[in-house]
Amino acid sequence: MEVSENGCHLCAPLVAKSIEEMREQMDAAVSQGADIAELRLDHISHIDPSVDLPLLLNGRPLPVIVTYRPIWEGGEYTGDEDFRLKTLRLAMELGADFIDVELKAAPDFLPSLQEKKAAGCKIIVSNHNFETTPSSETIGSLIAQILSSGADVVKFVTTAQTITDVARVFQILSRCQGPTIALVMGQYGLISRLLSPKYGGFLTFGSLASGKESASGQPTLSDLNNIYGLRRINRQTKVYGLIGKPVGHSKSPLIHNAAFREIGYDGIYVPFLVDNVKDFLDTYNTPDFAGFSVTIPHKEAALKCCDEVDPLAKVCFSYLRGI
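Residues in the sequence shown are numbered consecutively from 675, following my numbering.
Wrong hints could be hidden among the right ones.
Computed spacing ranges between beta-carbons, pair by pair [what the hints assert, rightly or not]:
hint, residue 1, residue 2, range
1, Asp782, Pro971, 26 to 34 angstroms
2, Gly885, Thr836, 24 to 32 angstroms
3, Asn950, Lys925, 35 to 43 angstroms
4, Ser719, Ala792, 45 to 53 angstroms
5, Thr806, Ile745, 32 to 40 angstroms
6, Gly769, Glu805, 30 to 38 angstroms
7, Gly824, Asp754, 20 to 28 angstroms
8, His720, Ser848, 41 to 49 angstroms
9, Leu821, Asp956, 27 to 35 angstroms
10, Lys760, Ser924, 21 to 29 angstroms
11, Ile745, Glu694, 23 to 31 angstroms
12, Ile937, Asp754, 52 to 60 angstroms
13, Ile937, Ser719, 23 to 31 angstroms
Here are the simulated EDC-like pairs of lysine to aspartate or glutamate, each with C-alpha atoms no more than 16 angstroms apart in a straight line [as the list claims (entries may be wrong)]:
hint, residue 1, residue 2
14, Lys886, Asp756
15, Lys760, Asp722
16, Lys886, Asp771
17, Lys796, Glu755
18, Lys691, Glu887
19, Lys952, Asp771
20, Lys778, Asp756
21, Lys919, Glu887
For the record, the hints were derived by calculation from the structure and aren't laboratory data. Using N, Cα and C, we set each Cβ at its ideal position, and we do this for glycine too.
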């Protein structure tokens, strides 16, 4: 399996409605630079596992995660649970590279594998919180529970109510010893997807196109590769960005990241959707977060947070952190 030098895979979630469309989407994922594709079986309107899984897995053009997400974990599947788990077992036996099973289902699923687990198949045990990002202590306990279930890869996904929530996920991810997928959903969580390689994430998701996301806040593969250059990001990469609300319309990431690449600078420029400037600056206060541009409605609030204000900074509204 190819992987970026930073160890973070780029994964394309495939939400096709048919087997034929999903095969086409696997080819599209390869052409767009994905390392892995997630096959979201729950989006397929009807599936016959013994017939359809070989069609998906035999001769596949890239490694795959097979996911059959039930509605109670944010997916589309509403059918029989035994059928769902049997489908995942068959996918494993047929040589899927990864199987994603929810923590809630893991006690029933993993012991049933016994000696059937195929060599090379890794089990991702996942948990999704669609309301909040819990405390660091709660997330730590969750990770311990996932590991004790027998997971090869830990996956936990939370939802941000503010951008400062994401900092807790970064801190925890940076300390994880084994393969870990740690992402934050929602408009405030975009930076968790863009900066995952910096903090040691096992993978981050990028959709084939806008409208083909499998979760809230996913960027496209094209943006991950062409705007943000995720394959270049490493632990030492300096983070810059635009503080504002809204920020999604800004062309600043396109311009600044292109400039960083042109001069060979190890930095990334990302959009920060911020409600409270002081809280943001107090939270993201390490030297890794090296400088910010500020736009409406936060220009005056940002000036009040500065120790010094250069006359030029008043014109361009840039905030540089002393190192």
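Tested hints:
1. Asp782 - Pro971: 26 to 34 angstroms: violated, 50 angstroms
2. Gly885 - Thr836: 24 to 32 angstroms: holds, 26 angstroms
3. Asn950 - Lys925: 35 to 43 angstroms: violated, 25 angstroms
4. Ser719 - Ala792: 45 to 53 angstroms: violated, 27 angstroms
5. Thr806 - Ile745: 32 to 40 angstroms: About 20 angstroms separates the Cβ atoms of Thr806 and Ile745, which means 32 to 40 angstroms is violated.
6. Gly769 - Glu805: 30 to 38 angstroms: holds, 37 angstroms
7. Gly824 - Asp754: 20 to 28 angstroms: holds, 24 angstroms
8. His720 - Ser848: 41 to 49 angstroms: Given range 41 to 49 angstroms: holds, Cβ gap about 43 angstroms.
9. Leu821 - Asp956: 27 to 35 angstroms: holds, 32 angstroms
10. Lys760 - Ser924: 21 to 29 angstroms: Roughly 48 angstroms apart at Cβ, these two residues miss the hinted range, so it is violated.
11. Ile745 - Glu694: 23 to 31 angstroms: holds, 25 angstroms
12. Ile937 - Asp754: 52 to 60 angstroms: Cβ of Ile937 to Cβ of Asp754: about 57 angstroms, so the range 52 to 60 angstroms holds.
13. Ile937 - Ser719: 23 to 31 angstroms: violated, 50 angstroms
14. Lys886 - Asp756: violated, 28 angstroms
15. Lys760 - Asp722: holds, 12 angstroms
16. Lys886 - Asp771: Violated - the C-alpha atoms of Asp771 and Lys886 are around 23 angstroms apart, more than 16 angstroms.
17. Lys796 - Glu755: violated, 21 angstroms
18. Lys691 - Glu887: Satisfied, since the Cα-Cα distance of roughly 13 angstroms is no more than 16 angstroms.
19. Lys952 - Asp771: This hinted pair is violated, its Cα atoms lying about 44 angstroms apart.
20. Lys778 - Asp756: holds, 14 angstroms
21. Lys919 - Glu887: violated, 23 angstroms
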